[in-house]
Amino acid sequence: MTLVLDIVLSGLVLGGMYALIALGFTVQYGIARIMNLSYGELLVAAAFAALYLYSGMAVNPVIGLIVVVPASFAANWLLYQVVLTPLVKRAKNQGMLEVDSILGTFGILFVIQGVMLLTFGGTLQSYSYLSVPVHILGTTLALNRILALLFAVIIGGGLYLLLTRTRYGTALRAIAVNPDAAPLSGINVHSASALAFGAGGAIVGAGGVLISMFLTFSAAMGVTFTMKALIVVIMGGVGNMLGALTAGLLLGISETAVARLVDPGLTIAVTYALFLSVLLWRPTGLFGRPVR
Amino acid sequence: MRRIRPANFGMFVAAATMGLSLCGLAQAQESIKIGWAISKTGPFAAGAGVTTLPNYQVWVKDVNDAGGIMLKSLGKKLKVEVIEYDDRSNSEEMIKAVERLATQDKVDFILPPWSTGMNLAAAPIFNKLGYPQLAVTANTNQAPELTKRWPNLTFWLGLPSEIVDGIVETFTKLEKDGKVNKKVAMIAVGDQFGIELSTATRAGLKKAGFDLVYDKSYPFGTQDMQPVLKDAQAANPDILLAFSYPPDTFAITDTSKVIGFNPKVFFVGVGTAFPMYKSKFAGNAEAIMGIGGSDASLEGIKWYIQHHKEIIGREPDRWASPVTYASLQVLQQAIERVGKIDRAAVINEINSGSFDTIIGKVKLDNGLNRNVWAIGQWQGNDFYGVAPAGKQGAKAPVVPKPAWQ
Chain Z
127 MTLVLDIVLS GLVLGGMYAL IALGFTVQYG IARIMNLSYG ELLVAAAFAA
177 LYLYSGMAVN PVIGLIVVVP ASFAANWLLY QVVLTPLVKR AKNQGMLEVD
227 SILGTFGILF VIQGVMLLTF GGTLQSYSYL SVPVHILGTT LALNRILALL
277 FAVIIGGGLY LLLTRTRYGT ALRAIAVNPD AAPLSGINVH SASALAFGAG
327 GAIVGAGGVL ISMFLTFSAA MGVTFTMKAL IVVIMGGVGN MLGALTAGLL
377 LGISETAVAR LVDPGLTIAV TYALFLSVLL WRPTGLFGRP VR
Chain Y
6 MRRIRPANFG MFVAAATMGL SLCGLAQAQE SIKIGWAISK TGPFAAGAGV
56 TTLPNYQVWV KDVNDAGGIM LKSLGKKLKV EVIEYDDRSN SEEMIKAVER
106 LATQDKVDFI LPPWSTGMNL AAAPIFNKLG YPQLAVTANT NQAPELTKRW
156 PNLTFWLGLP SEIVDGIVET FTKLEKDGKV NKKVAMIAVG DQFGIELSTA
206 TRAGLKKAGF DLVYDKSYPF GTQDMQPVLK DAQAANPDIL LAFSYPPDTF
256 AITDTSKVIG FNPKVFFVGV GTAFPMYKSK FAGNAEAIMG IGGSDASLEG
306 IKWYIQHHKE IIGREPDRWA SPVTYASLQV LQQAIERVGK IDRAAVINEI
356 NSGSFDTIIG KVKLDNGLNR NVWAIGQWQG NDFYGVAPAG KQGAKAPVVP
406 KPAWQ
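Just so you know, the protein sequences line up as chains Z and Y, in that order.
Per this note's numbering, the first sequence starts with residue 127, numbered consecutively.
Per this note's numbering, the second sequence starts with residue 6, numbered consecutively.
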């Protein structure tokens, strides 16, 4: 019993990190319709910002969120306005926008990476913050990882409520479903999309700051985060907050269970096995609806 | 065909004369051109940025601040001019860049890339072009065969088998002295580095009568070590042995601290010798063992650590960094002894000469540097070599490791 509890709790904490990484991606992809391949780089950039604030100016990362999150929102909003808007305007359909945005953000990936390399160098970065044990139901967990899980639940749950219970949320969902018809109901698709992309950026900012407390990162590591986010988002259903949350937690628990009960060498295998079976069983993701 | 107008012809002559005079300048050598292709971007950038590139920069600055490298044949010192390419962590790019350095940039010497794989990939082309290759960051059991095949190639970090021998010897001695029992938990990253070292160590430890109570590998890139460490902890070993890469090395240490896993011997892989390890874990790094080490009581090492910090802004790692700098000192001394740009003679001198460096006296043995540590341990503010125990300056290992703070 203690082993089961131990697996579930450690798995939830690991999954919380996956969900946190994926939430911003699903907002940007699901609502603003941009598959952002530079997502991982933006995450690492936020992690660097947290490190800089912490080691350079002695600002603790939790306070650092107050600076990094709005800055990341602004940077992403600008990115959408300046770089991505021309792609959105000339795209004749969703497929074309997807191809263009993948290519465009693939280029942005290298720009952000290059700037980070020039500023911080290519070395690994790591610091410790809130790496203190917390005892819950007989299991010991690190406080910084619990914090990441809490943020994931709050952001995921909050966005879900915002999207389903508010007027503005309904407008955003309308854009996600049919960007061509949405203006007919008086929705400003352009400004709402830019705002959604920026909101995704705010989440990636929060994610970057939180994971920097316990993960070692370097300027070159962004793509591993993009891959993880992509898997979680596609498993959960594109644009679905609860889906990303559930898929992230599910991945965390199954990885932990396999590592404890079978072999730690199989954690990546179980990730892809789960991903594959979800795709076979529900091609639009756990919470995704069939194409309308 | 268009006829050349006299005015244009005049300009052509002027240009040609200028070109000729430039050639003349180039022939009277004004500088020693040294090139390198190194991973400044991509997955290898982190390693190259810790160990290799900073030492190249420090060395070039030191040489130029001292007026340059003395060439007897010219009777003067020549400054070093650097040509650098980014290989983007791609071996094909690296090979192209090395060829370009030799054939187009016509550099006098080429410094090696970072990592075992890159250096092995570069070996044939360095040999074909006739440049000495001081492959410091390469660690392979094939080294003795390779130096026989390619005399321009030299190795500096010892052999992986020597690391394994150092581990088995140290643990055996600790067990005989009654400081630890025979229970060992071993974890290793699931790639060539982790598998090779763990396979050899497993065999060595079993032969020495140790009991591997936990023995698993985890995928490359894993930073969530809690499941592995919980099971290792449950097996109640006296020794934890991890063949890990820097991110996992940090995660293993951090998670062990959080879950209160404190075996008497705590041995982690690459990254333990990084100054970042000490700054991240501070007092908690005490008595933690890892690959590498240095003899911090040597004057040369003391000077080097301080000097590196002044120029680069941070301390060097304590495994390959001092050896990298020492290899460059050897290169410089070999060039000065030969007294001219004669690469074959320089290769010969590197292999046969004896050199004074920051790590002490270096004399290669069949192309291999034997003046190197297998295992080190954080004791106070430095990562001291503890094995091979017979090497001059070896410290006695501190066991048991103190409790986490």
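There's no promise every hint is true.
[What the hints assert, rightly or not] Chain Y residues, not near chain Z, derived (Cβ > 10 Å throughout):
1) GLY47
2) ASP70
3) VAL173
[Said to hold, decoys possible] Examples of chain Y residues lying across from chain Z (beta carbon under 7 Å, computed):
4) PRO48
5) ALA51
6) VAL55
7) LYS81
8) LYS84
9) LEU217
10) SER222
11) TYR223
12) ILE264
For the record, the hints were derived by calculation from the structure and aren't laboratory data.
For glycine and all other residues, C-beta sits at the position ideal for the given N, C-alpha and C.
So, going through the hints one by one against the coordinates:
1. With a least CB separation of 6 Å from chain Z, Y:GLY47 falls inside the 10 Å interface cut-off, contrary to its annotation.
2. Every Cβ of chain Z is farther than 10 Å from the Cβ of Y:ASP70; the closest lies at roughly 23 Å, confirming the non-interface assignment.
3. At the 10 Å boundary, the C-beta of Y:VAL173 stays outside the reach of chain Z, the nearest C-beta of that chain being 24 Å off.
4. At about 6 Å, the closest approach between the beta carbon of Y:PRO48 and any beta carbon in chain Z falls short of 7 Å, and the interface hint on this residue holds.
5. At about 5 Å, the closest approach between the beta carbon of Y:ALA51 and any beta carbon in chain Z falls short of 7 Å, and the interface hint on this residue holds.
6. Interface hint at Y:VAL55: satisfied, since its Cβ lies 5 Å from the closest Cβ of chain Z, which is below the 7 Å cut-off.
7. About 36 Å separates the beta-carbon of Y:LYS81 from the nearest beta-carbon of chain Z, more than 7 Å, and the hint is not met.
8. Taking 7 Å as the C-beta cut-off, the interface hint given for Y:LYS84 is violated, the closest approach to chain Z being about 26 Å.
9. At its closest, the beta carbon of Y:LEU217 sits 15 Å from a beta carbon of chain Z; the interface hint therefore is violated under the 7 Å criterion.
10. Against a cut-off of 7 Å between C-beta atoms, the interface hint on Y:SER222 holds, since the closest Cβ of chain Z lies about 5 Å away.
11. Interface restraint check for Y:TYR223: the shortest CB-CB distance to chain Z comes to about 4 Å, inside 7 Å, so the restraint holds.
12. Satisfaction of the interface hint for Y:ILE264 is found here, the shortest Cβ-Cβ separation to chain Z being roughly 5 Å, below the 7 Å cut-off.
Checked against the numbered hints above, the structure violates hints 1, 7, 8 and 9; every other hint is satisfied.
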